[in-house]
Structure formats: structure tokens, C-alpha cells
Amino acid sequence: MRKKFISCLILFALFAFIFQGCTKGPPPPPIGADEVDGAYREAMEAKENLESLEKERDMLNADLKEKQEKLDRAKECAEEEGD
Numbered sequence: 000m001r002k003k004f005i006s007c008l009i010l011f012a013l014f015a016f017i018f019q020g021c022t023k024g025p026p027p028p029p030i031g032a033d034e035v036d037g038a039y040r041e042a043m044e045a046k047e048n049l050e051s052l053e054k055e056r057d058m059l060n061a062d063l064k065e066k067q068e069k070l071d072r073a074k075e076c077a078e079e080e081g082d
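For the sequence shown, numbering that gives the first Met the number 0 assigns the number 0 to the initial residue and increments by one for each residue that follows.
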């Protein structure tokens with residue numbers, strides 16, 4: 000009984016393995032050089048855009064920090080005059 004169960008289990012696993020291979024379908028078409036070049040160009044443009052946005056963010060953060068310092072100084076002066 001046990002041998003029969005094991006042999007059925009092995010046959011089922013073999014059938015499942017073969018059936019899985021049959022249902023995968025054909026492989027995708029190969030990627031052409033033009034597609035690779037286009038993807039590379041898009042990636043480089045995205046990288047340049049990211050770098051320019053990072054520079055702009057840094058400039059805005061520096062400007063914000065400067066204005067925050069001016070505001071803090073103005074608050075201190077207003078508090079001193081109020082006392």
C-alpha cells in the first residue's frame with residue numbers, strides 16, 4: 000500500500016512538472032539594440048532631471064534656512080523691544 004502511494008505521488012509530481020512546462024508558453028522576443036538605446040537614453044535623462052531637482056532642492060533649502068534665520072533674528076529684536 001505504501002509503495003503504491005509513493006509511486007502515485009512520484010507520477011503525480013512528474014505529471015505536474017511536465018504540465019507546468021507545457022503551459023508556460025513561448026519565450027518573450029529578444030530585446031533589440033534600439034530598445035536598449037532608448038531605455039538607456041531615458042534612464043540618463045531621468046538621472047539628469049533628478050540631479051537638477053536635487054540641486055534646486057538644495058538651493059531652496061539654503062534660501063529657506065537663510066529666511067528662517069532672518070525671521071528668528073526679527074523675533075528676537077521684537078522681543079527685546081517689547082521688554
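No lab work stands behind these hints, which were simulated from the structure alone. Don't take every hint at face value.
What the hints assert, rightly or not - The calculated lysine-lysine pairs, modelled on PhoX-like cross-linking and capped at a C-alpha distance of 20 Å, are:
| # | residue 1 | residue 2 |
| --- | --- | --- |
| 1 | K54 | K64 |
| 2 | K74 | K64 |
| 3 | K54 | K66 |
Claimed, not checked - The calculated label-pair distances, taken between Cβ atoms and stated as ranges, are:
| # | residue 1 | residue 2 | range |
| --- | --- | --- | --- |
| 4 | Y39 | Q67 | 37 to 43 Å |
| 5 | K54 | I30 | 43 to 49 Å |
| 6 | L52 | P27 | 51 to 57 Å |
| 7 | A61 | E34 | 38 to 44 Å |
The C-beta atom is built at its ideal place from N, Cα and C for all residues, glycine as well.
How the hints compare with the structure:
1. K54 to K64: Holds, because 15 Å separates the two Cα atoms, which is no more than 20 Å.
2. K74 to K64: Distance of about 15 Å is within 20 Å: holds.
3. K54 to K66: holds, 18 Å
4. Y39 to Q67: 37 to 43 Å: holds, 41 Å
5. K54 to I30: 43 to 49 Å: Violated: the Cβ-Cβ distance is about 33 Å, outside 43 to 49 Å.
6. L52 to P27: 51 to 57 Å: With a Cβ separation near 34 Å, L52 and P27 fall outside 51 to 57 Å, so the hint is violated.
7. A61 to E34: 38 to 44 Å: Given a distance of about 41 Å, which is inside 38 to 44 Å, the answer is holds.
Going through the hint list in order, the structure does not satisfy hints 5 and 6.
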